[in-house]
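Undergrad: Protein sequences, first through last, are from chains D and F.
Everything in the first sequence is counted per this note's numbering, starting at 1 for the first residue and increasing by one.
Everything in the second sequence is counted per this note's numbering, starting at 1 for the first residue and increasing by one.
Some clues are possibly wrong.
In silico lysine-lysine, DSBU-like type, Cα no more than 35 Å apart, as pairs [stated by the list, open to error]: (1) D:12 to D:178; (2) D:4 to D:26; (3) D:6 to D:97; (4) F:185 to D:97; (5) D:103 to F:185; (6) F:356 to F:322; (7) F:299 to D:111; (8) F:299 to F:185; (9) D:4 to D:97.
The set of hints was computed from the structure by calculation and includes no laboratory data.
Keep in mind that this is a model prediction, so the values were computed, not measured.
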Amino acid sequence: MNLKEKMKRRLKLNRPSLRARARPPKQRTAMGQQFTAANLPVSLSMQVCTACEHHQYPPAELCGRCLGDTLRYQEVNTAGQLLSRSALHHSLWEYYKRRIRIKPWQIGSVKLRCGPVIIGHVAEDALQAGDDVAVFSHSDASQAAVLIIVGATTPIATPAQRNDIVTALCLGQPAEKKGGI
Amino acid sequence: MRDYQGVVMTTPVSLGYQRQSAHGAPWFIGMVLRELILRAGLSKPDIEGLAISSFSLGVDSVVSLTQHFSLSPRWIEQADMGGVSGIVALRRAARAVQAGEAEVIACIGGDGAAHRSFEHTAANFSSWSIDAAFPYGAGGPNAVFSLITSRYMADFGATREDFARICLDQRYNANHYAQALLGHKTLSLDDYLSARPIAGPIHLFDCVMPCAGGEGFLLMTEDRARHLGLPYVQILATDERHNSFSEDPVQQRAGWACYRDSLYTRAGLGPSDIDLLQTYDDYPVISMLQIEDLGFCDKGEGPRFVRETDMRFDGSGKPTNKLPHNTCGGQLSCGQAGSAAGYLGLTEALRQLTHKAENNQVTTARTCLVSGYGMVNYDRGLCSAAAILQGADS
Chain D
1 MNLKEKMKRR LKLNRPSLRA RARPPKQRTA MGQQFTAANL PVSLSMQVCT ACEHHQYPPA
61 ELCGRCLGDT LRYQEVNTAG QLLSRSALHH SLWEYYKRRI RIKPWQIGSV KLRCGPVIIG
121 HVAEDALQAG DDVAVFSHSD ASQAAVLIIV GATTPIATPA QRNDIVTALC LGQPAEKKGG
181 I
Chain F
1 MRDYQGVVMT TPVSLGYQRQ SAHGAPWFIG MVLRELILRA GLSKPDIEGL AISSFSLGVD
61 SVVSLTQHFS LSPRWIEQAD MGGVSGIVAL RRAARAVQAG EAEVIACIGG DGAAHRSFEH
121 TAANFSSWSI DAAFPYGAGG PNAVFSLITS RYMADFGATR EDFARICLDQ RYNANHYAQA
181 LLGHKTLSLD DYLSARPIAG PIHLFDCVMP CAGGEGFLLM TEDRARHLGL PYVQILATDE
241 RHNSFSEDPV QQRAGWACYR DSLYTRAGLG PSDIDLLQTY DDYPVISMLQ IEDLGFCDKG
301 EGPRFVRETD MRFDGSGKPT NKLPHNTCGG QLSCGQAGSA AGYLGLTEAL RQLTHKAENN
361 QVTTARTCLV SGYGMVNYDR GLCSAAAILQ GADS
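Extracted from the complex, chain D is given alone in its bound form (with noise of 0.2 Å):
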């Protein structure tokens, strides 16, 4: 097989579903990049009004309360509560279904207690709708920035501790499959 023949086949064969190393959703809009570059110093960053304190997640270009284009990256409070979890069963993604495969995954939703409303990962079995939770950001395997749910009183305050959340979920890891492309 030339190399000609060789990249045919591979881009027939190149479906998620064979591929040896699936990752979670890359794709970000420019807001969203921002968001990423934003959080990568520290445990928990959002967009903030300057001029009227509105913190706005998801991320955009303008501040939705006074329209304003004052909107600056600032670290904010972790805190929050969670609103509602779920168990997900079922993905449109390789590397979700993969995990999946081997336990439900779980996600919830957090109103923050600086404002926004987050989806998230949930890092914790035991939570439940009501819970004092803490959220913080994290690469994922992706390089892309995501948010996890933790309890109130899990430490998260160091790097190597939301690391350790973060690799006990494998999230920083590509989802692996054997004799893939």
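Fit chain F to the supplied structure of chain D, relying on the hints for placement.
TA: Coordinates of chain F only, in the frame set by chain D:
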């Protein structure tokens, strides 16, 4: 708000329902248009206005379609608003007819279902969904609605058996409607409860099946409809609201609660005068929210209401507490044909109120409330709309 005197709805068309299709959206939209023209006895130049709803036109729009179909309309509208597109198209078109901007307007929703196209739509639905919802499990709408459903169950004590009431009665209705993709299968409570889990409390039969299909109807002056000898329906009142109750942390109500009283006042009717109800049933919990917010029961009473009410189209069950609901089976049993799903309640209402439904005709159908819900931009559906329609004979 002015009434809709002199404007009528006519000629319901539903066609092409398929689980997967090689045809694109223009095929479904064009086929509906063709049917509308044939059934109404019109010719193409009579279509002076065209309102289109579709998720899968890609780089094309209603403008492109005028050239595809060799039409030269003097009024066009694009209402790509998912579950409210039908009612929004109806509202815009009715005013245009009333204002004399066009005498006959075709309102059409249509979408194809190419292999893996649903995945693409879900992954690219909105910028907020791309950045802040889809990356979390990539469950698509199932994930967001599982969060809404589990909170509703916790707050109001709803059980899976309650949601089953909606799904089972709709499946019974679909068993009598030829176009329903799942109409050939019956659904029992055991089937429902033992279905495979999808997301949290949402199991297989709580989910709609994405499919291809087209739905449409005509809006025209009452005089024209009479002249053409078409059975028609009058529009008593309509309303819409977007991003309502945005301060609620989890969605448990939507725009219907804002305009319900005014809607009934304008129609000169109350909830007890409604003979049949067509809600937007992308998930049973959303139908329950509509039943509550549209005044059929109080907030949180939805589970009790569906337990006590028979929602089948015919005389099944006790004669008291009847409210035929989603009489063709809704999306849960017909399939969700993209934007056409936002027209399904309207075309079904038209068939029922003109007594042209076939095996699923509600014999007493005079007034129908149709409601729409749609567009999960991030964590909730933003659009809500409703229309009260009445058969012209009464």
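Undergrad: What are the numbers of the hints the structure violates, in ascending order?
TA: none
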